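First to last, the protein sequences are chains A and B.
Numbering follows the numbering used here, in which position 209 of the first sequence is assigned residue number 209; successive positions increment by one, without gaps.
Numbering follows the numbering used here, in which position 174 of the second sequence is assigned residue number 174; successive positions increment by one, without gaps.
Hints may contain errors.
[Unchecked claim] The calculated lysine to any residue pairs, modelled on SDA-like cross-linking and capped at a C-alpha distance of 20 angstroms, are:
(1) 17/A - 137/B
(2) 17/A - 134/B
(3) 33/B - 133/A
(4) 17/A - 266/B
(5) 3/A - 134/B
(6) 33/B - 230/A
(7) 33/B - 40/A
(8) 33/B - 3/A
(9) 17/A - 143/B
(10) 33/B - 229/A
Calculated from the structure, these hints are not laboratory results.
Here the structure is a predicted model, which is why all the values come from computation and not from measurement.
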Amino acid sequence: MQKYIIHRCLQSIIVLKGVLILVFLILHVTGDPAMMMLPPDADELTYETLRKQLQLDDPFLVQYGRFFMGVMRGDFGNSLLHEVPALTLVLSHMPATLELALGALVVSLFISLPAGVLAAVKRETFYDYSSMGVALLGQSAPRFWLGLMFILFLSVYLDLFPVSGRGTIRHLILPAFATGLYSTARITRMVRSGMLEVLNQDYIRTARSKGVVERGIVLRHALKNASIPVVTLVGMELGILLGGTVVIETVFAWPGVGRLTVQAIHNSDFPVVEAAIFLLAAIFVFVNLVVDLIYAYLDPRISYG
Amino acid sequence: MSQAEVIAADDIEDIIPAPTFWQDASRSLIRRKPALLGFIIVVVVIGCAVFAPLLAPYDPLAQDPIRYLKPPGWSSGEGMTPHWMGTDFVGRDILSRVIYGTRVSLAVGFAAVALSGLIGLTVALLAGYYGGWVDAVLSRIVDTFLAFPLILLALSIVAMLGPSLWNVILAISLRTWIVYARVVRGAVLSVKEEEFIEAARASGGRAPYILLVHILPNVMAPAVVIATLYVGRMIVIESALSFLGLGVPPPTPTWGGMLAEGRAYIDTAWWLALFPGLAIMWTVLGANLLGDWLRDILDPRLKGTD
Numbered sequence: 001m002q003k004y005i006i007h008r009c010l011q012s013i014i015v016l017k018g019v020l021i022l023v024f025l026i027l028h029v030t031g032d033p034a035m036m037m038l039p040p041d042a043d044e045l046t047y048e049t050l051r052k053q054l055q056l057d058d059p060f061l062v063q064y065g066r067f068f069m070g071v072m073r074g075d076f077g078n079s080l081l082h083e084v085p086a087l088t089l090v091l092s093h094m095p096a097t098l099e100l101a102l103g104a105l106v107v108s109l110f111i112s113l114p115a116g117v118l119a120a121v122k123r124e125t126f127y128d129y130s131s132m133g134v135a136l137l138g139q140s141a142p143r144f145w146l147g148l149m150f151i152l153f154l155s156v157y158l159d160l161f162p163v164s165g166r167g168t169i170r171h172l173i174l175p176a177f178a179t180g181l182y183s184t185a186r187i188t189r190m191v192r193s194g195m196l197e198v199l200n201q202d203y204i205r206t207a208r209s210k211g212v213v214e215r216g217i218v219l220r221h222a223l224k225n226a227s228i229p230v231v232t233l234v235g236m237e238l239g240i241l242l243g244g245t246v247v248i249e250t251v252f253a254w255p256g257v258g259r260l261t262v263q264a265i266h267n268s269d270f271p272v273v274e275a276a277i278f279l280l281a282a283i284f285v286f287v288n289l290v291v292d293l294i295y296a297y298l299d300p301r302i303s304y305g
Numbered sequence: 001m002s003q004a005e006v007i008a009a010d011d012i013e014d015i016i017p018a019p020t021f022w023q024d025a026s027r028s029l030i031r032r033k034p035a036l037l038g039f040i041i042v043v044v045v046i047g048c049a050v051f052a053p054l055l056a057p058y059d060p061l062a063q064d065p066i067r068y069l070k071p072p073g074w075s076s077g078e079g080m081t082p083h084w085m086g087t088d089f090v091g092r093d094i095l096s097r098v099i100y101g102t103r104v105s106l107a108v109g110f111a112a113v114a115l116s117g118l119i120g121l122t123v124a125l126l127a128g129y130y131g132g133w134v135d136a137v138l139s140r141i142v143d144t145f146l147a148f149p150l151i152l153l154a155l156s157i158v159a160m161l162g163p164s165l166w167n168v169i170l171a172i173s174l175r176t177w178i179v180y181a182r183v184v185r186g187a188v189l190s191v192k193e194e195e196f197i198e199a200a201r202a203s204g205g206r207a208p209y210i211l212l213v214h215i216l217p218n219v220m221a222p223a224v225v226i227a228t229l230y231v232g233r234m235i236v237i238e239s240a241l242s243f244l245g246l247g248v249p250p251p252t253p254t255w256g257g258m259l260a261e262g263r264a265y266i267d268t269a270w271w272l273a274l275f276p277g278l279a280i281m282w283t284v285l286g287a288n289l290l291g292d293w294l295r296d297i298l299d300p301r302l303k304g305t306d
């Protein structure tokens, strides 16, 4: 187990280094940052001055080395727009994004676990078909459009929830639902197929023949074993949700990292874009690492090679 | 079995040839209602894209300053007006724009699936066949891309390259190829252990020949399934990029761009945001239903990989 943990940690560090290289490549090689930051009517002298100021004429490896050393010290440079350290700015927006992602995860688990279990237990009934139908629709509708429709029906027409912003639990409900519905659909389908597989196993028949009540069979015997693949999926979903809140944050004017980054991209505020993408990727890598370790702990059949 | 019975059985085989793959597939498509629905939706959407000039009642770019923000005819009680889905803030016909919007969505959907398939298959073939350090390096590259938030990566790339149809396709493909790479690599690993590969190697076949002629055709099934399942995802990603203002630039009608415009009028003109979204949902639903069916007939082991 110890060897496995060290191996996975080393892998994660390599991936994070890869993320840094890629972030740098995208923002420094695919385009000209100086050109992007200046207004279209800027003259040649201003352009050259800015290139010098940003040290863009240095060799590529020197620029990357400087960037890498800065990141090691937690320094992504100052935000060009807000004139504060980019990392500090991104971190100050992180609680809002975490709140939204966790809210979305709670919503999806709250709906998908009972829905998936019921669909499996009541297999091939109206309930099964309708919940699977809704799950399929949930997977087909773009989240940001669902958000717009929630605003239209629940905020504008029925006036039940605020249209945008953050603060109270009422502010969180609509964006959390809009963000979480896609995951809800995926997890429901996964729980259903996992439960169906487990419900056919011999030990379930044994439990039934011993006289265990159906409720106990479903909850204690079947759900417990069907939950192993779901744990992995839930972990991955959290990682995906953190990056997937970007458009929803824009729809609901939610003051999170996603909205900050979209604004930074529009304003060519590169340090903020770099810090945000790196931080979100780092959280994704960390969550995946934790999930893998939990998975290895839950399922002793997994080899630690 | 008597000789007569054997002959009779032979005769029957002569008379009724075994069904081909396509006959089998079309029968199962007709039997499975959701798949048939998916097929019909996809055909209708492709039809809209191809015959847009014939189907659209108006020029999608033509502005009408007098008839701006008109609600759909059927909802306003005025009877069926020519604008079935209403008009937008400069008087353009929403229905015509939704019909023309299929072109960008399908172009991005198909092209991004093809480009990411090309990159992903190449990586999967190399990593799976050569193994060792090639596999280790390529697998870490896949993990690196996987860690990137998809929309932010695509947005950054489009922002740097400039918004255009091809840059959107490139930006989306640069993150989605990893799905092919991960799934197909596994298939390559199992196919390369087969005896016919060993035979090909023993008879002097070189690596590129073995990869392209012997391994590639045997790992195409999962790739085709992923491609179908991902067309819908690509369409959603494109619409999100357009919604955030970094997709295919105006005035080309895109569903995501129309939703972005609709957002500003959500409290006064609901039809601006409703219809493009329904069009996306409908198209993605069709692609997903068809993808689920293809997965079940081509490669049922892929269940759960989406």
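- [ ] Verify the proposed pairing of residue 33/B with residue 3/A, using a straight-line Cα cut of 20 angstroms.
- [x] 51 angstroms, violated
Open item on the list: Hinted pair, alpha-carbon criterion (20 angstroms max): residue 33/B, residue 229/A. Please report holds or violated.
Closed with: Roughly 29 angstroms between the alpha carbons, so the hint for residue 33/B and residue 229/A is violated.
Task: Holds or violated: residue 17/A to residue 143/B, with C-alpha atoms at most 20 angstroms apart - done: Distance ~11 angstroms between residue 17/A and residue 143/B Cα, so the pair holds.
Task: Agreement of residue 17/A and residue 137/B with the hint, judged by alpha carbon distance not exceeding 20 angstroms - done: Holds, because 13 angstroms separates the two Cα atoms, which is no more than 20 angstroms.
Open item on the list: With the threshold set at 20 angstroms, check whether the alpha-carbon distance from residue 17/A to residue 134/B stays at or below it.
Closed with: 18 angstroms, holds
- [ ] For the pair we were handed, residue 33/B and residue 40/A, check the Cα-Cα distance against 20 angstroms.
- [x] 55 angstroms, violated
Open item on the list: Between the alpha carbons of residue 33/B and residue 230/A, is the straight-line distance 20 angstroms or under?
Closed with: 29 angstroms, violated
Task: Given pair status - residue 133/A, residue 33/B, alpha carbons within 20 angstroms - done: 13 angstroms, holds
Task: Proposed proximity, residue 134/B with residue 3/A (alpha carbon, max 20 angstroms) - done: At roughly 23 angstroms apart (the allowed maximum being 20 angstroms), residue 134/B and residue 3/A break the hint.
Open item on the list: Can you confirm whether the C-alpha distance between residue 17/A and residue 266/B stays at or below 20 angstroms?
Closed with: Roughly 43 angstroms separates the two Cα atoms, so the pair is violated.
The structure does not agree with the numbered hints 4, 5, 6, 7, 8 and 10 stated previously, though it agrees with the rest.
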